[in-house]
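Residue numbers (my numbering), protein chains in the order written: chain A, 1 to 294; chain B, 295 to 572.
To be clear, the hints were calculated from the coordinates, so they are not data collected in a lab.
Accuracy of the hints is not assured; some may be wrong.
Claimed, not checked - Computed footprint of chain A on chain B; a stretch qualifies when at least three of its residues, placed anywhere within it, have a C-beta under 8 angstroms from a C-beta of chain A: (1) 438-448; (2) 473-485.
What the hints assert, rightly or not - Pairs of lysine-lysine residues, derived as DSBU-like cross-links and limited to a Cα-Cα distance of at most 30 angstroms, are as follows: (3) Lys342/B / Lys322/B; (4) Lys459/B / Lys400/B; (5) Lys431/B / Lys192/A; (6) Lys105/A / Lys342/B; (7) Lys400/B / Lys192/A; (8) Lys420/B / Lys187/A.
What the hints assert, rightly or not - Computed far set for chain B versus chain A, every beta-carbon distance over 12 angstroms: (9) Asp343; (10) Asp500; (11) Asn542; (12) Asp565.
Each residue gets a CB set at the ideal place from its N, CA and C atoms; glycine is no exception.
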Amino acid sequence: MKYMDAIQVQKRMRTRLIKNGVAKSLFFLSTIFGLFVLAILLYRVLAQGIGWVNLDFITGKLSTQPERAGIMGAILGTFWLMVVVGPVTMFLGVGTAIYLELYAKKGRLSSFIQTNISNLAGVPSIVYGILGMTIFVRALGFGNIILAGGLTMSLLVLPIVIVSSQEALRAIPQHLSEASYGMGATKWQTIKNIVLPAALPGILTGAILSLSRAIGETAPLVVIGIPALLIPFPEGIFDNFTVLPMQIYYWTLDSTLTAEYANLAAATIVVLLLILLILNAAAIIIRSKFQKRY
Amino acid sequence: MGTLREAVLKNEGYKANDRLLEIPLPSKKVIYDIQHLNLWYGNTQALKDVNLAVNEKEVTAIIGPSGCGKSTYLKTLNRMVELVPDVRTTGTIMYRGKNIFDTSFKEEELRTWVGMVFQKPNPFPKSIYENIAYGPKIHGIRNKKLLDQIVERSLRSAYIWDEVKDRLHDNAYGLSGGQQQRLCIARCLAIEPDVILMDEPTSALDPKSTRKVEALIQELKKEFAIIIVTHNMQQAARISDRTAFFLNGEVVEYDKTGRIFSNPTDSRTEDYISGRFG
Ligand SMILES: Nc1ncnc2c1ncn2[C@@H]1O[C@H](COP(=O)(O)OP(=O)(O)O)[C@@H](O)[C@H]1O
Ligand SMILES: [Mg+2]
């Protein structure tokens, strides 16, 4: 006796194939939808802003007259912010990841900490802004200088750096560290010479991506209260500052008063997007250049 | 007497059963003396009252079915097993007269005397040179000339020097599996151990590479004690002087290899060797 009835199979074939086609088009449409919205967004920004992007705009000082306004101050602010966020998150984030992944005993406490770090990555950025204002700006009395903003941003991206570094460390096969221990290396020698170098590309990729998150973020800095209109360029981490997304935010708000501000905002977006693009490209290059070899 | 035995060993080729069992071994020093060793992973006992003595300048083979505790036993000898959380041991392992579980005996120190070669070749993602120099470097040797010498000598001792001497600074991952394993053996020789532990070192290799590694082991035993886990009984018969048969965490039988394979005392050994289980 045969279980497969050829006629039944034939009958069902049509609906099966139709369902197959529908599934494919549904997924294709959702992809297209996202890309379409993105394209419109990019088009509008470029159309409004690209004509305003030139050397004077990039290197110029802020001005109330749209034709003379430049964003060098905000670019420098963003740069100094990265100078703070980069090392702080690398040090704290990678350190925490090493401890959790390689030292901490797996148990209830470590899984509790782990869960909370993952949760922290989902806390709204404005909450970090409030935290930063309370601790760095007020309690420690920094005022709204770059250091305070940078430390606040570091808190914001720290969970991401920790989790991505942990993943990078976890990806290093056990047999490499076993080989090192087997020759009498201490734990620290094994971590320093074998595990960290192998995990570094992954760690860097995560760190760069979180850096690009930090320089695109606005809400925490709004809460800290960094100035919108700032003429002098910041020269170090103890100066007052503004950053690119902040500049975009204020120009967009004021575009009802001065129409050209919308163009300035768009032009600034173009510059910010360019910086983000470069950072992401760097991450991709690092990742592919150091493709796992083990 | 010793020389006669050596001559026999040399001439017998690879046929264990032909060994002249009655010729006594030259008196050798015991390097490992394991007494009443028990080991638990959490609540499951993986080693049960293991008693074994291992001689220097001999190849000791550990055979037995999967999961009988061969790797566990081997990793206990250099305390690598303690990397697994929740491991508990009782009993003593005397290494040259010192209990390796004594708090004064640091495992890092033990592992400079007791090298290990793993089942899967596991070179570091570094150059061939750096792989060999790694051990000496972590023990504080910085002198470039000295390191060069150690690298060359170790590679020569592992009979891989001629194959790699022109590409010492290429990544070790460019080598074939068999070459990688011999590189790992060379890496282990670079720390000048007394004992080399090998956990199924040829199970990931093709027959030709396997033969090379086996020949290498024969060379190395002139200088080192070698304890080798193998699931290949032919291999145990070919290369070892003594064989221990493990079953469910216990040593069923431990004797000269010739006797184990020709005239075992325990019926379970016989069953296993004749391929009735495992
Ligand atoms: N890391 C571990 N954690 C818990 N149990 C383990 C671990 N490693 C091995 N075991 C158990 O110990 C026993 C012996 O394993 P193993 O020494 O690897 O055997 P073999 O090498 O002879 O195949 C097996 O029952 C195995 O399940
Ligand atoms: Mg095993």
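Going down the list of hints, with the structure as the test:
1. Residues of the segment 438-448 of chain B with a Cβ under 8 angstroms from some Cβ of chain A number 0, which does not satisfy the need for three, so the listed coverage is violated.
2. A count of 4 residues in the segment 473-485 of chain B with a Cβ less than 8 angstroms from any Cβ of chain A is obtained; the coverage claim is therefore met, three being the minimum.
3. Using a Cα cut-off of 30 angstroms, the hinted pair Lys342/B and Lys322/B holds, with the two alpha carbons roughly 27 angstroms apart.
4. Our distance criterion of 30 angstroms between C-alpha atoms is broken by Lys459/B and Lys400/B, whose separation comes to about 35 angstroms.
5. Restraint check for Lys431/B and Lys192/A: satisfied, since their Cα atoms lie roughly 13 angstroms apart, inside the 30 angstroms limit.
6. Pair hint Lys105/A plus Lys342/B holds up; C-alpha atoms about 27 angstroms apart against a cutoff of 30 angstroms.
7. Proposed proximity of Lys400/B and Lys192/A is supported: the alpha carbons are some 20 angstroms apart, at most 30 angstroms.
8. This hinted pair checks out: Lys420/B and Lys187/A have alpha carbons roughly 19 angstroms apart, not beyond 30 angstroms.
9. Against the 12 angstroms criterion, Asp343/B stays outside the reach of chain A, whose nearest CB is about 26 angstroms from its own CB.
10. With a least beta-carbon separation of about 20 angstroms from chain A, Asp500/B lies farther than 12 angstroms from that chain, consistent with its non-interface assignment.
11. Consistency note on Asn542/B: stated as away from chain A, and its beta-carbon is indeed over 12 angstroms from all of that chain's, at 25 angstroms minimum.
12. At roughly 33 angstroms from the closest C-beta of chain A, the C-beta of Asp565/B stays outside 12 angstroms, upholding its exclusion from the interface.
This entry does not satisfy hints 1, 4, going by the numbered hints stated previously.
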